[in-house]
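Peer 1: Going line by line, the protein sequences match chains P and L. FYI, the working numbering numbers position 237 of the first sequence as 237, with every residue one higher than the one before it. Numbers in the working numbering are just positions in the second sequence, counted from 1, shifted up by 261.
All clues given are correct.
Partial list, derived from the structure: chain P residues whose beta carbon lies under 10 Å from chain L:
#: 1; residue: Gly62
#: 2; residue: Thr75
#: 3; residue: Met76
#: 4; residue: Gly77
#: 5; residue: Pro80
#: 6; residue: Asn81
#: 7; residue: Cys88
#: 8; residue: Gly89
#: 9; residue: Leu98
#: 10; residue: Gly135
#: 11; residue: Asp141
#: 12; residue: Ala143
#: 13; residue: Leu145
#: 14; residue: Ile167
#: 15; residue: Arg179
#: 16; residue: Gly181
No wet-lab data here; the hints were simulated from the structure. In this text, all values refer to a predicted model and were calculated from it rather than measured experimentally. Positions of the beta carbon are idealized from the N, C-alpha and C atoms, including for glycine.
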Amino acid sequence: MARSEANLAARGHTFGELMVAAAAREIADGELVFVGMRLPMLAFLVARRTHAPSAVGLFENGVLRETPSSELLYTMGDPPNLRGATQCGAMLDVMGLLQQGRVDVGFLGAAEVDRFGNLNTTWGHRNKEMQRLPGSGGACDIACLARRTVVLLAHDRPRLCDRVGHITSPGFGTGKGWRRGQGLPPASGPSAIITTLGVLRFGHDGEAFLASVHPGVSVEEVLANTGWTLRVADELTETEPPSDAELGVMRELDPNHFWTR
Amino acid sequence: MAAESKLLTMRDAIASHVPSGSMVLLGAQLEQMIPFAAGHELIRQSRRDLTLVGPISDILFDQLIGAGCVSRVMAAWVGNVSAGVGYCFRRAVERSIPRRLEVVDYSNFTLALALHAGALGVPFLPTYATLGSDLVKKNGNLREFSSPVSEERLVAVRALRPDVAILHVQRSDAQGNAHIWGSLGVAVDGARAARKVIVVAEEIVEPSVITSDPNRTLIPGFLVAAVVHEPGGAHPSPVQGYYGRDHAFFTEYHEQTRRLEDFEDWLARWIMHVTDRTEYWKHLGASRVEALAVKEHAFSAPADFGY
Numbered sequence: 001m002a003r004s005e006a007n008l009a010a011r012g013h014t015f016g017e018l019m020v021a022a023a024a025r026e027i028a029d030g031e032l033v034f035v036g037m038r039l040p041m042l043a044f045l046v047a048r049r050t051h052a053p054s055a056v057g058l059f060e061n062g063v064l065r066e067t068p069s070s071e072l073l074y075t076m077g078d079p080p081n082l083r084g085a086t087q088c089g090a091m092l093d094v095m096g097l098l099q100q101g102r103v104d105v106g107f108l109g110a111a112e113v114d115r116f117g118n119l120n121t122t123w124g125h126r127n128k129e130m131q132r133l134p135g136s137g138g139a140c141d142i143a144c145l146a147r148r149t150v151v152l153l154a155h156d157r158p159r160l161c162d163r164v165g166h167i168t169s170p171g172f173g174t175g176k177g178w179r180r181g182q183g184l185p186p187a188s189g190p191s192a193i194i195t196t197l198g199v200l201r202f203g204h205d206g207e208a209f210l211a212s213v214h215p216g217v218s219v220e221e222v223l224a225n226t227g228w229t230l231r232v233a234d235e236l237t238e239t240e241p242p243s244d245a246e247l248g249v250m251r252e253l254d255p256n257h258f259w260t261r
Numbered sequence: 262m263a264a265e266s267k268l269l270t271m272r273d274a275i276a277s278h279v280p281s282g283s284m285v286l287l288g289a290q291l292e293q294m295i296p297f298a299a300g301h302e303l304i305r306q307s308r309r310d311l312t313l314v315g316p317i318s319d320i321l322f323d324q325l326i327g328a329g330c331v332s333r334v335m336a337a338w339v340g341n342v343s344a345g346v347g348y349c350f351r352r353a354v355e356r357s358i359p360r361r362l363e364v365v366d367y368s369n370f371t372l373a374l375a376l377h378a379g380a381l382g383v384p385f386l387p388t389y390a391t392l393g394s395d396l397v398k399k400n401g402n403l404r405e406f407s408s409p410v411s412e413e414r415l416v417a418v419r420a421l422r423p424d425v426a427i428l429h430v431q432r433s434d435a436q437g438n439a440h441i442w443g444s445l446g447v448a449v450d451g452a453r454a455a456r457k458v459i460v461v462a463e464e465i466v467e468p469s470v471i472t473s474d475p476n477r478t479l480i481p482g483f484l485v486a487a488v489v490h491e492p493g494g495a496h497p498s499p500v501q502g503y504y505g506r507d508h509a510f511f512t513e514y515h516e517q518t519r520r521l522e523d524f525e526d527w528l529a530r531w532i533m534h535v536t537d538r539t540e541y542w543k544h545l546g547a548s549r550v551e552a553l554a555v556k557e558h559a560f561s562a563p564a565d566f567g568y
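Excised from the complex, chain P in its bound form:
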């Protein structure tokens, strides 16, 4: 990612680091967090070590952690994630907490996200050919049941599309009132989409709008790389760059920019 390297030289951080910092700020102190791997994992650790020291992390293999693991993880089942965990339970234990509405925020990646925050990780397409993707994992459960869901993905037109071809994990469906109509819990649903270009949030009508652009990115660039006519916030801001403290944690955990190119 040549542009990310240029960004590192010009601004002192990569796109990945900016996304991790933005994701970390979605976690408030004391919250129960359903942690994914890769960038969300780093975001959780950054939050714990900076503004959210008492956030608790849950993993769908049943692990509950209150302290960062001693090594960078590639999967939630890596031995360093189990050593020093507060609890190693069953999958149903953590899924039960999720269904009770106790999980404040869950992080998800996706192949596609649409204007209402619906996610597809089941079927992709390239050159009009359908490509079978791995599927939901726990993503559908988190999207249905977490109080807030934060999505991280690279920003381009195929990924940010008008309507996903397959709803693996529901966002706001077709807009206002849809989740309620489906029977999903009232206090749940997508709250932010953090991309390589900016941060999108959701209006009361369930449709995404551009809330902030990353430093060095223009609104036009965001709109040109979005597959629907994206609304822009009246008070559009620039995404706050990562602080020295946040970068310090990230670079300690990921010194070679393995996750944060």
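Given the structure of chain P, go ahead and fit chain L onto it with the hints provided.
Peer 2: Quick look at chain L alone, frame taken from chain P:
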């Protein structure tokens, strides 16, 4: 008189307990303790028309699918946790290579509930998960219904009873009373939901070791049909306290299975031309084995069961 030992070789355990057409639970502990050695034996014994059940099973599902053993997969996620897609899975779904594959898509929670229902002996369990998703539209084992006790819509998750659950564990006695610690996933429900269990253990211990710490006995031996002593049997997945995850193996598998002919080479090299796990482990090489060894032990504090 001591109970009869259930110890079998992997070859005999698979030959006796997993015929073609079976529904098999694999990968119950997610990224840890995936029973690769058992999966490889299923491939060597040319099983056909298996239904694979598991939340994820990382590249073991991909290998079994690529080898033509599978006609149906009931899972939340099929691929390569290190690299994303599994090429054999894609070839099977998109082009029926080497054969047609039916995919029944679950989420992790709904698959866990299906096994929990099986373990509880009820026909279904309710959840809000998957409401509004295309999973509930396409998977016939997820059915929306109105709650009989409240004004709500829910999803009924049909119980699953696999014919056999193959579970890798840290230690077991010869009757299959097994200790597991670390990543549990759906292992406990899986063992109870299944009609029979094959335990694959890193170590075989005396019954007194098991009864010294009964909270850690997650599989009682009376559910177990066979116990296989197979150290290293979960490689390249990790076993807490025994060996780490061989991350490079997963990325190499990704690179080496992109094309069908490359997968066939991989299959020959790592499974078909390898007679058993001892030979597989030699094939890995001493430096790789050494790199995966536990570097620093971290024993739990003993729990006092005295009175």
